[in-house]
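If you read the protein sequences in the order shown, they are chains A, B and C.
In terms of numbering that gives the first Met the number 0, the first sequence is residues 0 to 564.
In terms of numbering that gives the first Met the number 0, the second sequence is residues 0 to 323.
In terms of numbering that gives the first Met the number 0, the third sequence is residues 0 to 342.
Simulated from the structure, these hints should not be mistaken for laboratory data.
It cannot be assumed that every hint is accurate.
[As the list claims (entries may be wrong)] Derived coverage of chain A by chain B (criterion: at least 3 residues anywhere in the stretch with Cβ under 8 Å from a Cβ of chain B; other residues may be distant): (1) 138-145; (2) 221-233; (3) 467-479.
Values in this document were obtained by computation on a predicted structure and should not be read as measured data.
Beta carbons: idealized from backbone N, C-alpha and C, even for Gly.
The chain contents come next:
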Amino acid sequence: MLLKFSQAIGCAVALSATALAPAFADAPAPGAPASPHAGGTLRLAGQGMLGTMDPQVSYLHIAYQVLNVVYDGLTTFSKSPGPLKRQAIPDLAESLPPPEDGGLTYRFHIRHGVYFSNGKELTPDDVAASMRRIFKANSPTAGPYYSHIVGGAACLHDPDHCTLAGGVEPDDQNWTVAFHLTHPDSEFFDRLAFLHAAILPADTSTHDVGNNAAPGTGPYRIVSYDPNTGLRMERNPYFKQWDAEAQPAGYPDAITYTFGMDPEASVTAIENGQYDWMAENAPLDRLGEIGSRYADRVRLIDFLNLYYAALNVNIPPFNDLRVRQAFNYAINRKAMVIHAGGPTVSIPSCQLLPVGSPGFEPSCAYTKGASPDHPAQEWQAPDMERARQLIKEAGVSGQRVGIVSPSVPSYVAMANELRSTLADLGFVVSVRAITQAVQFTYIQNSDNRVQVGLTGWNADYPAASSYLQALLSCGTFIPHSDNSINISGFCDHDVDAIMDRAASVSVTDQKAGDALWAEASRAIMAQAPVVPLNQVRWVTLLSARVHGEIRAPIYEVVFSKFQLR
Amino acid sequence: MAAALLRRLGQTLFVLFGISVLVFMVFFATPGADPTARIAGKNASPETMAKVRHEYGFDRPLPVQYATMMKKLFITRDLASYVDRGELVVPEIIEAAPVTLSLATGGAVIWVLASVTMGTLAAAFRGTWIDRGLMIAGLIGISIPVFWLGQVANLITQARYHDTWLFSWVPGLGYVPFTESPVGWFKVLIIPWIVLAVLFIGIYGRVLRADLVAVSGEDFMRTARAKGLSPARVLLRHGLRTSMITFVSLFGLDFAQLIGGGALLTEVVFGLQGVGRLTYQALSNLDLPLIMASVMYSAVFVVLANAVVDVIYVFLDPRVRDGR
Amino acid sequence: METQTAASAPSPSRASVPGPWRMAGRSLAANRSAMTALAALMLVTFACLLAPFYAGDVARTDPFTSNVAGSFMLNGHEVDIMQPNDNPLHLGLSPVGPTWNPSAYMLGADSQGRDVAARLLYGGRNSLLISFSAALVCIAIATLVGVSAGFFGGFVDTALSRLMDIMWAVPVYLFAISLSIVTISQGLKIGPFTIESDNLLIPIFIIALVYVPYAARPIRGRVMALRNAEFVMAARSLGVPQHRILLRDIVPNVSTTLVVLTPLLTALALLAESALSFLSIGVQAPAASWGTIIQDGEGLIYTRPMVAIAPGLAIVIVVLALNILGDGLRDALDVRETSRRGA
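Next comes chain A alone, as it looks inside the complex (with noise of 0.2 Å):
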């Protein structure tokens, strides 16, 4: 999910004691937890821009934070807080199923006695008939993460008669659903946790249902949503909690979400106690005075992201292995981490995996006093005796290299630390920003001949794979299309294999196969395809109302989790 995310660990932040609210003698709304702490609405504010409600077409990390209280999959992942890197949890499903045929075969139980709000009850079909929905509601990732279940092919080139015939298979004798798969896959799990695999009712139309929510399983369902206005939810009043892990029972009875309060309204109006909490980062600008004035309020929140550079590895001058070593090594990381809001909020990265993501080991090819083959352990300084020495063997100083960013501004304060970089390495530097709508589908055809694209990326689960395969793979670098996530065009055979075998080795043994990823990760920084930048932490502001631990990895904030009493 991109650009913006979520995850939360090891905050300096200590959480404020809870206050003891008044009891309250009247009885608690249905669905609501047996809790003091239980009742209140709960009020959200954002710029909007949430698009649809469909869990299983939106693709947007504000729109995934309300969805996720609405929907359930078969597994999800903890509402909790914990580590970053986490593993898929049941949710819908009884309990996680052990692989079978080596793999290709997974047999859910399904919970029994589980309600959509519509006042049905949940069955095997309607796990079924949501899995051949992610095709025919074109759900973004239906290729990339479902197409391996048997019959999914098909059903890609053909939605409207889709059938999965031979890959999901319901059962109402036994309450389960059985997954045949094309290939094992340790991630399956996972993937069935991200929210496009969310189970609707079997009867949901299989067009994208827009601003009209389907019923789900969750607390709380979607009273009214206009995209330009603002969301209502209420508890869904025939949802009972089953696992506080997966799916804990809301505290608050209702949340409103106002849209269109841009990020600087919003902190104010969060100070003032009109607002509980707002969907953007606070403003740099204003981190010095919620740090001084609300150090109790905020909340720091880790997530797996990062923000880097994609040379294009296709043209001059960064077909040079050189050329992007050398880029690499005069890159000032501090400097992007003092844009980014300084060192609290932000950390230098040095390789594509973000710290505290599966197979993540500290390493660093290019700072200075260190090599590809003799890593540092993080980031010092920049090395520009290097660079120039390397730009002089590769005889390059003098070229044009145009940067493509977004038009936001912290990215072109980024681009513009870029611009100076390469500026010093004798390059002449042009830096183009577009908006960011077009600049992400921009800067991957390979036909804009982009020479370096500077983005932001984070992971739907936590997987290397999300990270390393997913962005420099041969298999994701298509050519002449908008739709080619492998920006830098990298594709080398080899760092290919060991990706792969990490992969298989990935679903019988997770230690070995987060080795394996380790070694991808260094095997591609080696070529350097890009120039990981920074990562950074979110920072939120709390009403004073607002207690309880409401982050958790993944989702950043749990709504249900806010206890406004």
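Place chains B and C on chain A using the hints.
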């Protein structure tokens, strides 16, 4: 008259057609504008891309796509955004319109009142320091970039002095519908109104003064004064009424442009989700359906207002009819 | 009657006769506010021309290079450009504020650690260059359009007027923004020539284009009035060729309108340029204009308001001076402004 109206209508349709074709062609000539990949989503498979391309009709010839879009915009009114999947653009415009309307109307009330006062006072005290002071103040108003003025207003009322008694009543940025809370609506809009009005107060005050001064040399004014009417009465009753002709026609055009999205800088600075800001966002996201809808909306207003002004002009001032 | 009569006609006459121009010059020189405005404009222009000198020899800073990790000397102390905030969480960094010392970040730094004062001067160069060039280009196009429409009338007039109507039907800033977004994303390719997106010609031509209807209307009106003026009728009845009438009688008499329009259009263009740059679709980073500096300052409005305030004041001063000068010229040349200002 009917023939003239019909001709006007024909011209209006022609203008709208011209603009829409222009917008359409420019969009498809823009590199990176192909919305398929954005609709399909990050890392979508080529099959999904092909499906989306077909579903949205991007594989058909441009004239067909144009006709389809116009049909969806004007006849079936179910044109959907390319950026927010499934988001219908016509209701989006209809929802943004009251915001813009509130902003423009309130601003207009302020600028008409202030500029008439200013122009009349300046003309009455012609040549004195009051006149000069007002005219310089007007010029300064014309010279301030509206977005900067808005920013400074925000700095003062939202940040620096928000905690003082003077501005503690100022609500956060954003819009409050009149139906929800008339007081909240007023509070949230009063500063944007003033910021928007400043430019126009300057223009209109100066135009009015110039007209009043010019008119005071005319025969009927001399006659009125010779009849012994008080100078104030002459100025207000006779002078002002005659000078209103220019004023009204100017007002019609400016107001129409504001309703049509011309207030976008004010809307952007004050976080008001009106037509202007919507259009700006649509442009930034290269969301053709929304661009098309908002540009059509704004063009309709401006062209209609032009027509109305022409008609009013003819009624107010018979000389114009002969002169044309 | 001979063509010569035209020159001695009582109403506005040819440029070759110095009388009216000299009179206008005298009247302008006697206009104290117009002269003050002119002096202010010259002062600002001069200061902006000295930008490289200020940046290189006084402030000794590169106003285009990001410098967030650096430091500078102030009163013998080394000061970090980005200063850590003193709060328990160590959240955030703020650029150094105004020092009021001309040799060291006089107006402070922006969020990229660049000297705001130096950028203000460099930005002024771009803002003034763009707005003045845009006004000239606009007047050139508008003259072509206005004179053709007014002089030939008939079909030419109808076609051009309708075209102007179409352009006028879209609010000026929306029109400019649309054109900018399209061109900024890719630059312009016209035949063999490619104009990069960071080329100043793009904002110049866009701003010139959107104000053509504004300038063309009064010109057309003036030409129509002239076409029916006695001396032109006379020339025509004597069989003087059209192009000769156009060049010798019409164009010189339109020139007073053009002179008055120039400062007014420059003022409008400056405001438009700053609006476009404020929306980051005008002058492209790392180059500066007053609008881009205001945009940079938007993200610092709470901690370092000076970054946004200084360029805004500069715009107000220059636009005010241009408007006063325009008024002075109009009075001196006795041209009644027939067009309205853009909203």
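Status of the hints after comparison with the structure:
1. 138-145: Three-residue rule met by the segment 138-145 of chain A, so holds; n is 6.
2. 221-233: n = 4 at 8 Å, threshold three: holds.
3. 467-479: holds (count 3)
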